[in-house]
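**Student:** Taking the hints into account, I'd like the entire structure generated from these sequences.
From first to last, the protein sequence lines are chains P and L. So the first sequence is numbered by full-length UniProt numbering: it starts at 1 and just counts up by one. So the second sequence is numbered by full-length UniProt numbering: it starts at 1 and just counts up by one.
What the hints contain is simulated information worked out from the structure, not anything from laboratory work. It is possible that part of the hints are untrue.
[Claimed, not checked] Examples of chain P residues lying across from chain L (beta carbon under 8 Å, computed):
{"no.": "1", "residue": "24"}
{"no.": "2", "residue": "35"}
{"no.": "3", "residue": "37"}
{"no.": "4", "residue": "243"}
{"no.": "5", "residue": "266"}
{"no.": "6", "residue": "304"}
{"no.": "7", "residue": "363"}
{"no.": "8", "residue": "365"}
All C-beta atoms, glycine included, are put in the ideal place defined by N, C-alpha and C.
2 protein chains.
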Amino acid sequence: MDVDWGGVLVNPGMLSATDYASVASITIFVALICACIVIGHLLEEHRWINESITSLIIGLTTGAVILLTTKGKSSHILVFSEDLFFFYVLPPIIFNAGFQVKKKQFFRNFVTIVLFGAVGTLISFVIISLGAIGIIRKLDIGALEIADYLAIGAIFSATDSVCTLQVLNQDDTPLLYSLVFGEGVVNDATSVVLFHAIQKFDLIHIDAIVVFNFATNFLYLFSASTLLGVVTGLLSAYIIKKLYFGRHSTDREVAIMILMAYLSYMLAELLDLSGILTVFFCGILMSHYTWHNVTENSRVTTKHAFATLSFIAEVFLFLYVGMDALDIEKWRFISDSPGKSLSVSSILLGLVLVGRAAFVFPLSALSNWRKKSPNEKITFKQQVTIWWAGLMRGAVSIALAYNQFTKRGEAQQMGDAFLITSTITVVLFSTVVFGLLTKPLVGFLLPSSTGHLTSTLSFTSENLGPPKSYLSMLLQNGQGSIMEDEHNNPHPTNLQRLLTAPSRSVHHYWRMFDDKFMRPVFGGRGFVPFVPGSPTEQSLHYEQ
Amino acid sequence: MDVDWGGVLVNPGMLSATDYASVASITIFVALICACIVIGHLLEEHRWINESITSLIIGLTTGAVILLTTKGKSSHILVFSEDLFFFYVLPPIIFNAGFQVKKKQFFRNFVTIVLFGAVGTLISFVIISLGAIGIIRKLDIGALEIADYLAIGAIFSATDSVCTLQVLNQDDTPLLYSLVFGEGVVNDATSVVLFHAIQKFDLIHIDAIVVFNFATNFLYLFSASTLLGVVTGLLSAYIIKKLYFGRHSTDREVAIMILMAYLSYMLAELLDLSGILTVFFCGILMSHYTWHNVTENSRVTTKHAFATLSFIAEVFLFLYVGMDALDIEKWRFISDSPGKSLSVSSILLGLVLVGRAAFVFPLSALSNWRKKSPNEKITFKQQVTIWWAGLMRGAVSIALAYNQFTKRGEAQQMGDAFLITSTITVVLFSTVVFGLLTKPLVGFLLPSSTGHLTSTLSFTSENLGPPKSYLSMLLQNGQGSIMEDEHNNPHPTNLQRLLTAPSRSVHHYWRMFDDKFMRPVFGGRGFVPFVPGSPTEQSLHYEQ
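**Tutor:** In structure tokens, the structure reads:
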């Protein structure tokens, strides 16, 4: 390995900020996160307000207080860092998304989800980039290169569908829920991969070869990252299955799962791949194989510990975004021309609306044309809901914008300052205004789907396994599986199989392959061998 | 609040070490921790070797490989930082100790534990300090002040009893186990408080006033830190009880518990108190009140998630200590006089042995004199075991030594270099040699107590609630309490009460007070009010 070991040192400054100030800032931040959780809970009766909005508003308020206390010098406590975001905050969110995803729905609608998440994001990217080149360039906001405009396309293609997911009901509209949820994750990965591909290439002279290389690189990143996640996930399943950690220690199993998930992310970053895609697929594999190889206690613990980490990370993010929005430095550059800044923000918001409409409706039509069964088709009202669900912009956009337009958290040029402040404006506006409108809109479009609301950020966890259903399942069959499982239903007959759509058959062949080759090696529900002291023995013990 | 907001910025360098090197070092470290866990598990059949020793050895090996690869330039991947240790690694370990402690045993033996942990540590501190002044000063190893010698006393008074606890059986020798465990925690807190008190005072001119001020300050730190921990713990119980988070989200409850525990630690550091003591008592209060107010899933999750965090932190520490031991910079200073370095290490090791003997046997006699019942007395063989249990020196000693004798991880003077290398030598020798001898020694002294070994670092968690006993309890009474509870036994009659020792009565009055005033307000087992949707309702639901 050709690593410069002498240089493999974390910057000493990173670890010895021993001063009072950093203790104070960490303390205040932790206290604020607690406040967000408690206040978010108290506001829960007003179901339109969720934790994202609460955190944003508390962040804004704190920022204002700090601004007043320092007499306009500063408004934030922590310096924003892309690294903090991409190395510590984003991995738990994406991993948890993969870990808690309803695999059956996800893979059954896989083609449609990839259509929306990957192809749709590319369409949106092209439209926003072209729109930015066509309109914003004319506003004369400063020197921007082609790569900057393409970056704008990638930044504003990254959606944040958490808000809509909180309003949708997974049981009443499973298709819609899985489409919005799946699209959100694939979209995150696509826009980040796209963004990094843009930064890597010299995009000043665009010709056929550059476009071809760009496309090849994009596909390579996509497939290699997925493969790495799959391999790490399988490895963790194999290790835990072979070693029977459960015989001795729940803590060891949980530790191995957490560490290997994080390892997959860091390894992907080290190999210049997309950590987001890797850790997402690692999460899916871990929930499909590894999770079934561990003890009952480990299952409950991992499920909730991962959801909690993801929850804290999301609250942290929105809190920070709110606090950072008031940063005086960023607004100083553009204070001479507030009108122009408002124009840029409005144009971007318009492009977001158009860019999303441009793919949701055509791709829905395409998807409907593929499907035979009428209850698998996406109705027009559902299409509008999908369109709306992807209008919010969130933390990924902010992080990418900082990456492109700042050096160490401060905008350097006029053009950069305009784009940073516009990104913040679009994120704040879309999260708060569109977020507050989501509940009434969905209630109007799909009256049946908003019956029981789950208004927490950690929707996935609660929907998959509330304490009640978990315990009753435990008492019923002694297995206590929380995750939904594709092997619950009896196998369809041949006639049934012939009548279903081709995508069903793909799913069926995958299941045959899984049962025959994968599960015997990597474990999974019902395929953990019977060994005294292993998790299987324990669950069998209680079945009797 | 008189905080300089402008300065309340985490050092930007802390968050933007965006280079390849830091990604590589994090990746390698995570991979090594995984390796330690897997190899530690595989070596488990050889019960003498535990995860501490495995991690130390893997650390040493990795250090050697890096040393060879860089041709003698460097041996570690991360720069050691006191902050990393005190802000991120130590809190989970100490909090988990408080959270999983067997409260009944702990409080029943409270007087003896404090006698050993606080008074004993002070005696050991005085002896080691005087010995260092008397003997090491004559070796002429460089310029050291009185404060340095006192710091040596504090550094080598901090024990690491994990190794002995892994060998002892909690059910066969509950008294011994609780004494060794309790002493270990109080000892950590005492030596750290002592160490910080030494650094704060001008100890060049020692007179009666300085000694009095020192003692007052020490007592203030002790009581204020405990109080802060108690208040934070009660606050978390009150918040969760009042708001019924359980009605909606396990993740919220878990998040609040993690965040408030961490908040208590950081708040203590901010107020210049001892975070260790604070977070320990916060853990005790949380397990006594808060833990009973949350859902069943939250209970399982917090119990194992805290144990896992603590487990990962311990493996990380030993791995680092092993890797850091080979750091070429430290050994360069003393390479001219290896004999002298060996002498210093041997003298310190001798002082550790003597300093511990000087309090274990007298204080045991004192404790036996207080107790009336013969099975509460500490036998001589048990006294030897207690003496042995506290001979190992671990990560706290390393961290304190770095704090006193280095600037940013590098020793500056001859004397400092001698003391750093001697600390590393004593830690390595005592952990590996004494550690390997512990099992045979305890087997020889207490043949009955080593029947079932729990050879994981996370002994507390496994002993308190293996999956089996948890599930069977769950099926029996529908409450599924994992933590042992002091209210299980029927209340003793007045006659019984008269016959027991006075310390039992103190415990009894505390229980009366707890039942009458504390539990109705802060919750706790059996005192969570019946409200639809609350955790109580759910557990009652399953009782039927």
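**Student:** Confirm or reject each hint.
**Tutor:** Going down the list of hints, with the structure as the test:
no., hint, result
1, 24, "5 Å, holds"
2, 35, "10 Å, violated"
3, 37, "6 Å, holds"
4, 243, "6 Å, holds"
5, 266, "4 Å, holds"
6, 304, "4 Å, holds"
7, 363, "33 Å, violated"
8, 365, "38 Å, violated"
This entry does not satisfy hints 2, 7, 8, going by the numbered hints stated previously.
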